[in-house]
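Chains as they are written, first to last, in this note's numbering: chain A, 1 to 334; chain B, 1 to 334.
Because the hints were derived from the structure by calculation, they are not lab data. Here a beta-carbon is modelled for each residue, glycine too, at the ideal position from N, C-alpha and C. Keep in mind that the hints are not guaranteed to be accurate.
Said to hold, decoys possible - Using 20 Å as the maximum straight-line C-alpha spacing, the simulated DMTMM-like pairs for lysine to aspartate or glutamate come out as follows:
{"no.": "1", "chain 1": "A", "residue 1": "K84", "chain 2": "A", "residue 2": "D108"}
{"no.": "2", "chain 1": "B", "residue 1": "K322", "chain 2": "A", "residue 2": "D111"}
{"no.": "3", "chain 1": "A", "residue 1": "K322", "chain 2": "B", "residue 2": "D86"}
{"no.": "4", "chain 1": "A", "residue 1": "K322", "chain 2": "B", "residue 2": "E231"}
{"no.": "5", "chain 1": "B", "residue 1": "K322", "chain 2": "A", "residue 2": "D271"}
{"no.": "6", "chain 1": "B", "residue 1": "K322", "chain 2": "A", "residue 2": "D265"}
{"no.": "7", "chain 1": "A", "residue 1": "K23", "chain 2": "A", "residue 2": "D111"}
{"no.": "8", "chain 1": "B", "residue 1": "K97", "chain 2": "B", "residue 2": "E144"}
{"no.": "9", "chain 1": "A", "residue 1": "K84", "chain 2": "A", "residue 2": "D111"}
{"no.": "10", "chain 1": "A", "residue 1": "K97", "chain 2": "A", "residue 2": "D37"}
{"no.": "11", "chain 1": "B", "residue 1": "K199", "chain 2": "B", "residue 2": "E231"}
{"no.": "12", "chain 1": "B", "residue 1": "K322", "chain 2": "A", "residue 2": "D274"}
{"no.": "13", "chain 1": "B", "residue 1": "K97", "chain 2": "B", "residue 2": "D86"}
{"no.": "14", "chain 1": "A", "residue 1": "K322", "chain 2": "A", "residue 2": "E275"}
{"no.": "15", "chain 1": "A", "residue 1": "K322", "chain 2": "B", "residue 2": "D265"}
{"no.": "16", "chain 1": "A", "residue 1": "K322", "chain 2": "B", "residue 2": "E144"}
To be verified - Computed footprint of chain A on chain B, listed as stretches where at least three residues anywhere in the stretch have a Cβ under 8 Å from a Cβ of chain A:
{"no.": "17", "segment": "50–58"}
{"no.": "18", "segment": "122–128"}
{"no.": "19", "segment": "250–263"}
As the list claims (entries may be wrong) - Among the chain B residues that face chain A by a calculated CB cut under 8 Å, a handful are:
{"no.": "20", "residue": "R20"}
{"no.": "21", "residue": "G105"}
{"no.": "22", "residue": "R106"}
{"no.": "23", "residue": "C316"}
2 protein chains.
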Amino acid sequence: MGLDYRVRCCPDGLVTDRRRRIKVLDCTIRDGGICNDWAFSPELVQRTFQALTQAGLEYMEVGYLTSPGQFDRDKVGPWKFCTKEDLDGVVTSGRMKLSAMVDIGRIDLADIPRADDSVLDVVRIATYAHQMDEALKLLDRCQEQGFETFMNVMAVSSLSPEEVDLFLKRLAVSGVDNVALVDSFGALFPYHVRYLVHKYMNYLGEDIKVGVHLHNNQQQAFANSITAIDEGVDFVDATIHGMGRGAGNCPLELLLFYLDNPRYDVRPVLDMVDEFADMRDGLRWGYHLPYAITGYYNVHPRAGIDRMRREDRYECREMYEKLSPRLDAASKAG
Amino acid sequence: MGLDYRVRCCPDGLVTDRRRRIKVLDCTIRDGGICNDWAFSPELVQRTFQALTQAGLEYMEVGYLTSPGQFDRDKVGPWKFCTKEDLDGVVTSGRMKLSAMVDIGRIDLADIPRADDSVLDVVRIATYAHQMDEALKLLDRCQEQGFETFMNVMAVSSLSPEEVDLFLKRLAVSGVDNVALVDSFGALFPYHVRYLVHKYMNYLGEDIKVGVHLHNNQQQAFANSITAIDEGVDFVDATIHGMGRGAGNCPLELLLFYLDNPRYDVRPVLDMVDEFADMRDGLRWGYHLPYAITGYYNVHPRAGIDRMRREDRYECREMYEKLSPRLDAASKAG
Numbered sequence: 001m002g003l004d005y006r007v008r009c010c011p012d013g014l015v016t017d018r019r020r021r022i023k024v025l026d027c028t029i030r031d032g033g034i035c036n037d038w039a040f041s042p043e044l045v046q047r048t049f050q051a052l053t054q055a056g057l058e059y060m061e062v063g064y065l066t067s068p069g070q071f072d073r074d075k076v077g078p079w080k081f082c083t084k085e086d087l088d089g090v091v092t093s094g095r096m097k098l099s100a101m102v103d104i105g106r107i108d109l110a111d112i113p114r115a116d117d118s119v120l121d122v123v124r125i126a127t128y129a130h131q132m133d134e135a136l137k138l139l140d141r142c143q144e145q146g147f148e149t150f151m152n153v154m155a156v157s158s159l160s161p162e163e164v165d166l167f168l169k170r171l172a173v174s175g176v177d178n179v180a181l182v183d184s185f186g187a188l189f190p191y192h193v194r195y196l197v198h199k200y201m202n203y204l205g206e207d208i209k210v211g212v213h214l215h216n217n218q219q220q221a222f223a224n225s226i227t228a229i230d231e232g233v234d235f236v237d238a239t240i241h242g243m244g245r246g247a248g249n250c251p252l253e254l255l256l257f258y259l260d261n262p263r264y265d266v267r268p269v270l271d272m273v274d275e276f277a278d279m280r281d282g283l284r285w286g287y288h289l290p291y292a293i294t295g296y297y298n299v300h301p302r303a304g305i306d307r308m309r310r311e312d313r314y315e316c317r318e319m320y321e322k323l324s325p326r327l328d329a330a331s332k333a334g
Numbered sequence: 001m002g003l004d005y006r007v008r009c010c011p012d013g014l015v016t017d018r019r020r021r022i023k024v025l026d027c028t029i030r031d032g033g034i035c036n037d038w039a040f041s042p043e044l045v046q047r048t049f050q051a052l053t054q055a056g057l058e059y060m061e062v063g064y065l066t067s068p069g070q071f072d073r074d075k076v077g078p079w080k081f082c083t084k085e086d087l088d089g090v091v092t093s094g095r096m097k098l099s100a101m102v103d104i105g106r107i108d109l110a111d112i113p114r115a116d117d118s119v120l121d122v123v124r125i126a127t128y129a130h131q132m133d134e135a136l137k138l139l140d141r142c143q144e145q146g147f148e149t150f151m152n153v154m155a156v157s158s159l160s161p162e163e164v165d166l167f168l169k170r171l172a173v174s175g176v177d178n179v180a181l182v183d184s185f186g187a188l189f190p191y192h193v194r195y196l197v198h199k200y201m202n203y204l205g206e207d208i209k210v211g212v213h214l215h216n217n218q219q220q221a222f223a224n225s226i227t228a229i230d231e232g233v234d235f236v237d238a239t240i241h242g243m244g245r246g247a248g249n250c251p252l253e254l255l256l257f258y259l260d261n262p263r264y265d266v267r268p269v270l271d272m273v274d275e276f277a278d279m280r281d282g283l284r285w286g287y288h289l290p291y292a293i294t295g296y297y298n299v300h301p302r303a304g305i306d307r308m309r310r311e312d313r314y315e316c317r318e319m320y321e322k323l324s325p326r327l328d329a330a331s332k333a334g
């Protein structure tokens with residue numbers, strides 16, 4: 001195949017070992033659900049679960065846990081709730097661990113179930129750095145209830161290095177099992193990832209695993225995942241066909257090809273991609289200029305999402321110019 | 001913006017300098033033309049030319065030079081021919097240099113025009129390594145006719161390192177001005193690019209510029225371009241919105257965002273992207289699983305293109321399995 005120089009150019013000979021111990025978390029239903037308001041049929045989620053199990057994945061994130069009244073079941077699908085009733089008969093706890101995400105402010109401590117009473121193994125807390133007090137309360141509660149705990153601190157690209165240090169120091173003594181570097185805006189390049197992964201690993205020590213959750217606004221989600229693996233992370237998030245908000249995520253199929261590990265069988269995932277590719281035509285996640293612009297400007301993709309809803313031209317030049325002075329003003333203010 | 005750690009994590013402090021001296025070659029009309037048989041209207045090519053000029057690009061590749069009778073004007077558009085008549089009134093020689101590509105076997109030496117009689121400044125020779133004798137004859141002729149000369153040796157990922165050394169040694173004494181590392185199959189990852197760029201630069205010496213022409217099958221075209229820039233290449237190829245065969249190329253807009261150089265103005269390119277985005281919906285270049293599979297297997301994208309033409313499901317699992325034993329047989333034979 002001519003790619004035998006692959007083995008000659010590993011940065012330090014450790015890459016193979018690093019790839020070997022990586023774990024993969026699929027968050028298609030949870031993060032991809034942002035594209036279709038979690039309106040996946042239970043049958044599709046069941047088949048996704050089966051495919052990921054057969055593929056040999058370690059973790060599947062099936063949706064969100066939310067308190068009653070937070071969202072309307074007429075407007076969003078069951079995977080925004082993940083009650084016992086929603087999950088029963090669709091997914092089962094087994095070799096592949098099941099995760100649900102919680103957002104600060106969207107769930108009361110009293111509504112975190114007991115791990116023993118749930119098919120869920122993991123609760124993953126999504127928080128902004130400035131919500132860390134609340135996030136740590138939620139973390140304590142999830143630990144009490146017997147869950148493995150993950151913490152996703154979002155929008156890290158909008159923080160100063162000192163602000164990152166600050167939350168990492170708190171997480172280092174929190175008892176959390178896993179912390180993910182989250183590139184919410186798709187703003188990072190491999191050299192940022194390298195810098196930040198080192199920081200996360202150094203501050204969090206030996207006992208806390210480090211993962212990455214990366215977005216594809218600038219076509220860097222998979223490349224940044226490779227960088228993170230080279231630098232020694234323990235977990236990588238991915239979604240089938242890259243399904244996810246805006247430009248989407250690291251495509252699971254590419255990641256499994258790359259890892260080239262007999263522990264994984266990519267073929268059940270390929271079957272699912274055929275189906276998700278049809279969905280993509282309608283839901284339009286993936287590389288589009290409006291998302292590239294928000295990624296470049298390091299801002300939330302909502303301006304890009306608005307732009308994509310226009311019937312006519314996206315007028316990206318206008319969007320680009322509009323974002324530019326706003327940032328100038330913000331930097332002057334800051 | 002929170003990305004101030006950008007400056008703290010440059011591999012060796014040289015990245016800024018390397019970015020500063022990079023040159024960009026747009027090959028939208030030439031390589032993107034593979035998607036629509038070069039059926040761009042002269043008016044669109046003219047506007048593309050104007051946009052690229054305003055954007056400050058150094059090179060634009062406007063199509064192919066071919067001998068009369070090689071292609072049928074009823075089947076392919078004017079940019080497969082690039083005669084004086086085709087180019088007149090559409091593009092003009094100026095600050096931005098104009099290039100045309102020639103394929104081995106598609107043009108007679110006698111049909112290479114005089115540079116003085118043409119708006120073209122550059123002839124770029126596309127060749128496989130095994131056609132190097134013919135490529136060097138073509139090169140001599142282009143030099144005699146007064147052109148700046150580029151050489152694209154295709155499908156390098158299918159060669160052994162020793163085969164790469166061999167053609168580089170010949171090119172090092174050929175008088176060629178620029179040699180591009182070409183990832184025809186979209187099979188390379190950044191560590192391959194790093195290894196190969198070093199090799200190209202070491203073998204070709206100080207006087208020959210090195211460029212990259214990268215495909216996006218595994219979503220690595222832009223990431224590989226960044227790697228190549230970090231390693232010190234002189235040229236990067238890109239196309240508007242990544243237009244190109246199969247999964248396409250490095251998107252020009254992302255590259256210009258990244259380079260962040262006041263010499264370039266990305267805004268005229270953004271106007272063009274709005275238009276090319278509409279074309280993409282019909283022509284379907286970009287990330288699709290069939291191209292990811294050919295990239296992974298390091299083979300020509302034609303199997304992927306066939307698959308994309310199917311009306312129903314692509315049945316990618318079948319494609320994946322079909323390619324797998326074929327390669328096994330080939331490796332056994334080789």
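**Item:** Indices of hints not satisfied (ascending)
**Value:** Violated: hints 2, 3, 4, 7, 10, 14, 16, 17, 18, 20, 21 and 22.
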